Amino acid sequence: MSVHTQESVKRITVPDIAGRKGGEPIVCLTAYDAPMAALLDPHCDVLLVGDSLGMAVHGLPNTVGVTLEMMILHGQAVMRGAKRAMVVVDMPFGSYEGGKEVAYANCVRVMKETGAQAVKLETSIEMAEIVAFLVKRGIPVMGHVGLRPQAILAEGGFKAKGRTDSERDRVLAEARAVAEAGAFCIVIEGVAESLAREITETIDAPTIGIGASAACDGQVLVVNDMLGMFDWTPKFVRKYADLRTEIDRAAAAFASDVKTRRFPAEVETYFSKKPASQ
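Per the working numbering, the sequence shown starts with residue 7, numbered consecutively.
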């Protein structure tokens, strides 16, 4: 009997990321489908199935309308494409704020149905108790402090946080509380460099910044922003490509070729087989 061996890729784990505190910066991008996840996988330590998919993929005005089913569907797709990076799935608005048992049931469902390694919650001091409840029951949690997109309706828009002393103290206290509750990593979004640095130096968990300066232990961007898919992007985005222009050019060229019957050409056309000679 022959034995078939297949080289396996070791997937990055929660302890791997937790151990990166103060070390090599953590590379993270969002991913929403299998082909993109496969492309990003060799370059990223973490792929975040962010609820930003509501805006980036589904055209919603914000993330509030994202459902648990949407996150599971996209999480499954990303897990099919990623073999190396740790995959984290955002818990959408309304799926975890209703209490510890509700949060646990929904997080378990996400992890079981997607196979992801962790979940991410937008966290506050009040959420620390829920984070601790989840962690004690074997669910790795990534926290998220600072600008919290799911709170946009209550806060009146996407606004940087920590600009006043009271707000700065609140964000710092939230980060401390969530880290002490057992979050293995915390995303810091939309805060001043000095606050991001203080949080990073204060807590034991590594921090991943998005609009929070290079003081963090790693960085994340929405992949569609990074690739230049949109005309407007936030101040903190650096565009590493201009796919919007490239896609527009390609679609225009295709349309022109169809209208002038240059596509399909003979090389792209099937023909009947010639009968075999007698």
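Take these hints with a grain of salt, some might be off.
[Said to hold, decoys possible] Capping the alpha-carbon separation at 20 Å, the derived lysine-lysine pairs in PhoX-like fashion look like this: (1) Lys165 <-> Lys106; (2) Lys279 <-> Lys241; (3) Lys165 <-> Lys89; (4) Lys106 <-> Lys16; (5) Lys89 <-> Lys106; (6) Lys89 <-> Lys118.
[To be verified] Listed next, with one range per pair, are the computed distances between beta-carbon atoms: (7) Pro41 <-> Asp175: 19 to 27 Å; (8) His64 <-> Glu272: 36 to 44 Å; (9) Gly71 <-> Lys280: 52 to 60 Å; (10) Ala220 <-> Tyr276: 52 to 60 Å; (11) Arg90 <-> Ser278: 22 to 30 Å; (12) Glu207 <-> Asp248: 19 to 27 Å; (13) Thr170 <-> Ala256: 19 to 27 Å; (14) Thr275 <-> Arg17: 37 to 45 Å; (15) Gly121 <-> Glu272: 42 to 50 Å; (16) Gly71 <-> Thr239: 29 to 37 Å; (17) Gly144 <-> Asp248: 42 to 50 Å.
Quick caveat, the hints were computed from the structure, so don't treat them as lab data. Being a predicted model, the structure only gives us computed values, none of them experimental. Cβ atoms here follow ideal geometry from the backbone N, Cα and C, with glycine treated the same way.
Hints versus structure:
no., hint, verdict
1, Lys165 <-> Lys106, "29 Å, violated"
2, Lys279 <-> Lys241, "59 Å, violated"
3, Lys165 <-> Lys89, "36 Å, violated"
4, Lys106 <-> Lys16, "33 Å, violated"
5, Lys89 <-> Lys106, "31 Å, violated"
6, Lys89 <-> Lys118, "17 Å, holds"
7, Pro41 <-> Asp175: 19 to 27 Å, "44 Å, violated"
8, His64 <-> Glu272: 36 to 44 Å, "40 Å, holds"
9, Gly71 <-> Lys280: 52 to 60 Å, "57 Å, holds"
10, Ala220 <-> Tyr276: 52 to 60 Å, "55 Å, holds"
11, Arg90 <-> Ser278: 22 to 30 Å, "46 Å, violated"
12, Glu207 <-> Asp248: 19 to 27 Å, "37 Å, violated"
13, Thr170 <-> Ala256: 19 to 27 Å, "47 Å, violated"
14, Thr275 <-> Arg17: 37 to 45 Å, "44 Å, holds"
15, Gly121 <-> Glu272: 42 to 50 Å, "46 Å, holds"
16, Gly71 <-> Thr239: 29 to 37 Å, "21 Å, violated"
17, Gly144 <-> Asp248: 42 to 50 Å, "43 Å, holds"
Violated hints, listed in ascending order, are 1, 2, 3, 4, 5, 7, 11, 12, 13 and 16; each of the other numbered hints is respected by the structure.
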